[in-house]
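Based on these hints, arrange chain B on the given structure of chain A.
Residue numbers (our numbering), protein chains in the order written: chain A, 63 to 587; chain B, 63 to 587.
Calculated from the structure, these hints are not laboratory results.
Keep in mind that the hints are not guaranteed to be accurate.
What the hints assert, rightly or not - When the alpha-carbon atoms are kept at most 30 Å apart in a straight line, the in silico DSS-like pairs for lysine-lysine are as follows: (1) A:K413 x B:K136; (2) B:K166 x A:K190; (3) A:K166 x B:K182; (4) B:K386 x A:K336; (5) B:K136 x A:K408; (6) A:K336 x B:K425; (7) B:K182 x A:K327; (8) A:K373 x A:K473; (9) B:K545 x B:K506; (10) A:K177 x B:K327; (11) B:K210 x A:K177; (12) A:K100 x A:K373; (13) A:K177 x B:K166; (14) B:K386 x B:K425; (15) A:K406 x B:K136; (16) B:K545 x A:K177; (17) B:K473 x B:K502; (18) A:K156 x B:K100; (19) B:K177 x A:K545; (20) B:K336 x A:K386; (21) A:K136 x B:K425; (22) B:K210 x A:K413; (23) A:K373 x B:K406; (24) A:K413 x A:K470; (25) A:K408 x B:K408; (26) B:K408 x A:K406; (27) A:K425 x B:K336; (28) B:K406 x A:K408; (29) B:K494 x B:K470; (30) A:K332 x B:K425; (31) A:K502 x A:K522; (32) A:K136 x B:K373; (33) B:K327 x A:K182; (34) B:K406 x A:K136; (35) A:K425 x B:K136; (36) A:K210 x B:K413; (37) A:K100 x B:K332; (38) A:K210 x B:K100.
Number of protein chains: 2
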Amino acid sequence: MSNPNASAKPAKGAPQQASDGITPRARDYGQWYLDVVKRGDLAEHSSVRGCMVIKPHGYAIWERLQRELDDRFKATGHSNAYFPIFIPLSLLAKEEEHAAGFAKECAVVTHYRLKAVDGKVGVDPESKLEEPLIVRPTSETIIWNQYKNWIQSYRDLPILVNQWANVVRWEMRTRLFLRTAEFLWQEGHTAHATEAEAREEVSRMLEVYADVAENVMAVPVVRGHKTEGERFAGAVDTQCIEGMMQDGKALQMGTSHYLGQNFAKSADVKFLNKEGQLEYVHATSWGVSTRLIGALIMTHSDDNGLVLPPKLAPVQVVVIPIYKTAEEQAATTAEANAVADALKAKGIRVKVDDREGMQPGAKYYEWERKGVPVRIEVGPRDLEKGSLCLVRRFVIENEGEAEQELRKRKKQFVPRQEAIDGLPALLDTLQKELLERARKIREKKTRVIDTLEDFEKFFKEEGGGFAWVHWAGGRAEEEEMAKRYETSIRCIPFDDQIPEAARGAGTCILTGKPSERRVLMAKAY
Amino acid sequence: MSNPNASAKPAKGAPQQASDGITPRARDYGQWYLDVVKRGDLAEHSSVRGCMVIKPHGYAIWERLQRELDDRFKATGHSNAYFPIFIPLSLLAKEEEHAAGFAKECAVVTHYRLKAVDGKVGVDPESKLEEPLIVRPTSETIIWNQYKNWIQSYRDLPILVNQWANVVRWEMRTRLFLRTAEFLWQEGHTAHATEAEAREEVSRMLEVYADVAENVMAVPVVRGHKTEGERFAGAVDTQCIEGMMQDGKALQMGTSHYLGQNFAKSADVKFLNKEGQLEYVHATSWGVSTRLIGALIMTHSDDNGLVLPPKLAPVQVVVIPIYKTAEEQAATTAEANAVADALKAKGIRVKVDDREGMQPGAKYYEWERKGVPVRIEVGPRDLEKGSLCLVRRFVIENEGEAEQELRKRKKQFVPRQEAIDGLPALLDTLQKELLERARKIREKKTRVIDTLEDFEKFFKEEGGGFAWVHWAGGRAEEEEMAKRYETSIRCIPFDDQIPEAARGAGTCILTGKPSERRVLMAKAY
Numbered sequence: 063m064s065n066p067n068a069s070a071k072p073a074k075g076a077p078q079q080a081s082d083g084i085t086p087r088a089r090d091y092g093q094w095y096l097d098v099v100k101r102g103d104l105a106e107h108s109s110v111r112g113c114m115v116i117k118p119h120g121y122a123i124w125e126r127l128q129r130e131l132d133d134r135f136k137a138t139g140h141s142n143a144y145f146p147i148f149i150p151l152s153l154l155a156k157e158e159e160h161a162a163g164f165a166k167e168c169a170v171v172t173h174y175r176l177k178a179v180d181g182k183v184g185v186d187p188e189s190k191l192e193e194p195l196i197v198r199p200t201s202e203t204i205i206w207n208q209y210k211n212w213i214q215s216y217r218d219l220p221i222l223v224n225q226w227a228n229v230v231r232w233e234m235r236t237r238l239f240l241r242t243a244e245f246l247w248q249e250g251h252t253a254h255a256t257e258a259e260a261r262e263e264v265s266r267m268l269e270v271y272a273d274v275a276e277n278v279m280a281v282p283v284v285r286g287h288k289t290e291g292e293r294f295a296g297a298v299d300t301q302c303i304e305g306m307m308q309d310g311k312a313l314q315m316g317t318s319h320y321l322g323q324n325f326a327k328s329a330d331v332k333f334l335n336k337e338g339q340l341e342y343v344h345a346t347s348w349g350v351s352t353r354l355i356g357a358l359i360m361t362h363s364d365d366n367g368l369v370l371p372p373k374l375a376p377v378q379v380v381v382i383p384i385y386k387t388a389e390e391q392a393a394t395t396a397e398a399n400a401v402a403d404a405l406k407a408k409g410i411r412v413k414v415d416d417r418e419g420m421q422p423g424a425k426y427y428e429w430e431r432k433g434v435p436v437r438i439e440v441g442p443r444d445l446e447k448g449s450l451c452l453v454r455r456f457v458i459e460n461e462g463e464a465e466q467e468l469r470k471r472k473k474q475f476v477p478r479q480e481a482i483d484g485l486p487a488l489l490d491t492l493q494k495e496l497l498e499r500a501r502k503i504r505e506k507k508t509r510v511i512d513t514l515e516d517f518e519k520f521f522k523e524e525g526g527g528f529a530w531v532h533w534a535g536g537r538a539e540e541e542e543m544a545k546r547y548e549t550s551i552r553c554i555p556f557d558d559q560i561p562e563a564a565r566g567a568g569t570c571i572l573t574g575k576p577s578e579r580r581v582l583m584a585k586a587y
Numbered sequence: 063m064s065n066p067n068a069s070a071k072p073a074k075g076a077p078q079q080a081s082d083g084i085t086p087r088a089r090d091y092g093q094w095y096l097d098v099v100k101r102g103d104l105a106e107h108s109s110v111r112g113c114m115v116i117k118p119h120g121y122a123i124w125e126r127l128q129r130e131l132d133d134r135f136k137a138t139g140h141s142n143a144y145f146p147i148f149i150p151l152s153l154l155a156k157e158e159e160h161a162a163g164f165a166k167e168c169a170v171v172t173h174y175r176l177k178a179v180d181g182k183v184g185v186d187p188e189s190k191l192e193e194p195l196i197v198r199p200t201s202e203t204i205i206w207n208q209y210k211n212w213i214q215s216y217r218d219l220p221i222l223v224n225q226w227a228n229v230v231r232w233e234m235r236t237r238l239f240l241r242t243a244e245f246l247w248q249e250g251h252t253a254h255a256t257e258a259e260a261r262e263e264v265s266r267m268l269e270v271y272a273d274v275a276e277n278v279m280a281v282p283v284v285r286g287h288k289t290e291g292e293r294f295a296g297a298v299d300t301q302c303i304e305g306m307m308q309d310g311k312a313l314q315m316g317t318s319h320y321l322g323q324n325f326a327k328s329a330d331v332k333f334l335n336k337e338g339q340l341e342y343v344h345a346t347s348w349g350v351s352t353r354l355i356g357a358l359i360m361t362h363s364d365d366n367g368l369v370l371p372p373k374l375a376p377v378q379v380v381v382i383p384i385y386k387t388a389e390e391q392a393a394t395t396a397e398a399n400a401v402a403d404a405l406k407a408k409g410i411r412v413k414v415d416d417r418e419g420m421q422p423g424a425k426y427y428e429w430e431r432k433g434v435p436v437r438i439e440v441g442p443r444d445l446e447k448g449s450l451c452l453v454r455r456f457v458i459e460n461e462g463e464a465e466q467e468l469r470k471r472k473k474q475f476v477p478r479q480e481a482i483d484g485l486p487a488l489l490d491t492l493q494k495e496l497l498e499r500a501r502k503i504r505e506k507k508t509r510v511i512d513t514l515e516d517f518e519k520f521f522k523e524e525g526g527g528f529a530w531v532h533w534a535g536g537r538a539e540e541e542e543m544a545k546r547y548e549t550s551i552r553c554i555p556f557d558d559q560i561p562e563a564a565r566g567a568g569t570c571i572l573t574g575k576p577s578e579r580r581v582l583m584a585k586a587y
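Just chain A, with the same shape it has in the complex (with noise of 0.2 Å):
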């Protein structure tokens, strides 16, 4: 095992001790989440309901994340601007359909001042404003009241922007990361004279997510349309992408919509076309937020605590220095920072922690906790044979092999040059590793099913996850599946997201009516 201190090894199956304040999945998936949150040092809660803090171990993993889907947003021709955080009320109720959906969740600002009353600091009542302000839970309204301005003509055309930004949405029941009142996302807003060009942009933009979620998060996803009960509130149409977390769940992860031209009617956005003729204009709109910090953590990370994707790892590998005396601390002090600077060099992102008063399995625990996919040892023995002591975050266990093959795998001694020369394409193996593992996971969770029996069973005794079912119904018998399952139409997949297996027509699994194709069920986060 990689953690030398543990007083315990957990039996496998259900451990029942919880490894370094970590409660193991096993016993409690929920409560294993917020620990892995707090012992990684990643988020708590503020003392704003349903508001978090963001804790910079925490930021930095959002940073590369932003870090990389700026870099494609970019690479497909879009530019970051900014629009206000406040947006009147009449603009926000414009667009019905679309207030409608938001109306529930929105944090109203309607006074300007302080000011002290009876000797304590109050609501100046005389600040009241003439229209109340939301706060915006997403920006849609405020954006096209923008772009009204900014398109004349199809020469204006496309406009291709993002934001960053935090939104609001009051909600009642929050979780760090999954759900919480504010939280920080992109929000893409498309301006194009034609649907085709639209559509065009809503599916490049999700196979941009698709991209960094498979190969920069290693969480495979899968690409679909939403159900209408499911769109975006004034959307045509809205296509997301699925994760699986260990626990069977779906979480949606990014989405992307075809908004018709419903928010240029609604804000007055016409443009000449080619031909002389005014048109409305046709939008789209994409997110992706914090919350894939939450898919991140309960896709790969274990009972120790934090597993990170190379790619995203903030710090991909630390080195720690081991002694007893003096003489050892500096010579393994000088030989730590040494191997720090050979993998700089190759661009590795490399932490030295020589801190002093403080066991090495102490910091041994902290990196595991946080998620540091290698970690490096220099002892006194490592110095004499020329040689450094890897130890990875995780080896993907094969079934039956002992503990004691699998302790090998994880720890290794290799000659000090081919360590060095070999972490690139270590750090390369460990990110394939996370998603082949996760694949499995995903597999081993998937069923083809055809009957409510089975899928009954599916939900209720076998742990559940995802469903490819047939079904031909609509939001009404969508709410009944929910009642009776807690579960939800993921998405309605592309044709090529289908596995063999779940191909071509049958009967829907409630209804009995015929089906063309399968759909995605599960429970969802």
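Using the frame of chain A, we list chain B on its own:
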């Protein structure tokens, strides 16, 4: 002149004609500023009172500034984090002086839901919050409330955290970038075991700001302390950097505060020191905002629009193919792309403007208004001669220089390879020239003044600028000066910031009392 389509060349001194929609500075400096912002596509007003929209070109400049600042924050050991946008009223009110300082400009959230009333969407009166929430005007109170959980012993110190965020200060008179109800900024919040360490941090970060101002923005600054009356609400010491705009007014470009133990006391944040005693923690905070873009504009831009220092220019070089026939178009566009590729390989940010159906002159205009430092024109004759036409966005005017000479320096035909190889050096030169020019303007508008008579003459007849004066007054006297001359003490400069001619003791310009050293007085934005 660089603008081939200009119909009338403005007379020197008092141009009567607006160039390409930009009001000349000599006619109306305030309107010129707004025109530069508008015609440079930097920002615009929104439908929310006092809130601006930062357009893609403006935001791209902000992104470059962010990168320069953030790299320096990280190099000095800081990490980014994120804290809630809302502050409970009772929390804001804890530090009395701080609360009093911001009370008059607080946006207050009082409700969290909308509902349809008589077919119209309105605020749901039943969703009133038990405690109002303030949209953060700055985050000391909410952050120190969290630090309480982070700090137990000296081992937890220092905490070196920065936040990139939006903040809201309800302003009655707003001006794009310079003063807006919502703005973007960074706020550093650090916690230290000793006063000495905290004060060292305050100085370190002020110097980071000065470095970015002078070596990235090319704006020379004076470093110093604020007087008691100008101090940040809740601070023990506020340090600042002050730049001079072309019109002689000062602009505060960044502040760094030693907060003493004030916030630690109001949030009750104590730590166990090495001697095992409980002590209050020492705090600093420091920030710069999108206001810096206003400083950038007012320091360097001219009657043709924005002028950008190369280090901050999102596009450093624009390459424009010139042609009449389709054959020429193919040849010059190919050459433009080849030149751009060669420049990109040198790390230069370059754009080829090959838009069709647009006259070259219109393109020149547009890129001048956007401040691009160098334009390269590629015409058929350049191809023949194997040369490139390099046009600088600006040249420093030498006194008495003939218009023709100036034009020659601005637009040069250079052999192709020489032009490409020389571009990094040319950009360096332009960067240096901007700083040099700004220094000269500042020198020209700076006076060492000993009598109130001269002071009045300087500000009421000679256009004003920076005045080095002896001062022994208090807050009341400062207000008196503000009332009479609209001036304020910009700072009590550090020793090394005072020019030779302004050193030594003297008598206060207003009270006649003895004074140890001069302060810097000016009108300010």
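Now the hints, each set against the structure:
1. A:K413 x B:K136: Holds. K413 of chain A to K136 of chain B sits at ~14 Å (cutoff 30 Å).
2. B:K166 x A:K190: holds (13 Å)
3. A:K166 x B:K182: holds (15 Å)
4. B:K386 x A:K336: Roughly 23 Å between the alpha carbons, so the hint for K386 of chain B and K336 of chain A holds.
5. B:K136 x A:K408: holds (20 Å)
6. A:K336 x B:K425: OK: K336 of chain A and K425 of chain B at ~22 Å, within 30 Å.
7. B:K182 x A:K327: Holds, at about 19 Å.
8. A:K373 x A:K473: holds (21 Å)
9. B:K545 x B:K506: Judged against 30 Å, a Cα distance of about 26 Å means the pair holds.
10. A:K177 x B:K327: holds (23 Å)
11. B:K210 x A:K177: holds (28 Å)
12. A:K100 x A:K373: holds (22 Å)
13. A:K177 x B:K166: holds (7 Å)
14. B:K386 x B:K425: Holds, at roughly 15 Å.
15. A:K406 x B:K136: holds (16 Å)
16. B:K545 x A:K177: holds (26 Å)
17. B:K473 x B:K502: Roughly 24 Å separates the two Cα atoms, so the pair holds.
18. A:K156 x B:K100: holds (28 Å)
19. B:K177 x A:K545: holds (26 Å)
20. B:K336 x A:K386: holds (23 Å)
21. A:K136 x B:K425: holds (23 Å)
22. B:K210 x A:K413: With Cα atoms ~27 Å apart, K210 of chain B and K413 of chain A stay inside 30 Å; holds.
23. A:K373 x B:K406: Holds, because 26 Å separates the two Cα atoms, which is no more than 30 Å.
24. A:K413 x A:K470: Answer holds: K413 of chain A to K470 of chain A is near 24 Å, not above 30 Å.
25. A:K408 x B:K408: It holds: about 22 Å lies between the C-alpha atoms, which stays within 30 Å.
26. B:K408 x A:K406: holds (23 Å)
27. A:K425 x B:K336: Holds: K425 of chain A and K336 of chain B sit about 22 Å apart, inside 30 Å.
28. B:K406 x A:K408: Roughly 23 Å separates the two Cα atoms, so the pair holds.
29. B:K494 x B:K470: Cα-Cα ~20 Å, so holds.
30. A:K332 x B:K425: holds (26 Å)
31. A:K502 x A:K522: Distance of about 22 Å is within 30 Å: holds.
32. A:K136 x B:K373: holds (20 Å)
33. B:K327 x A:K182: holds (19 Å)
34. B:K406 x A:K136: holds (16 Å)
35. A:K425 x B:K136: holds (23 Å)
36. A:K210 x B:K413: Judged against 30 Å, a Cα distance of about 27 Å means the pair holds.
37. A:K100 x B:K332: holds (22 Å)
38. A:K210 x B:K100: Holds, because 16 Å separates the two Cα atoms, which is no more than 30 Å.
In summary, this structure violates none of the numbered hints.
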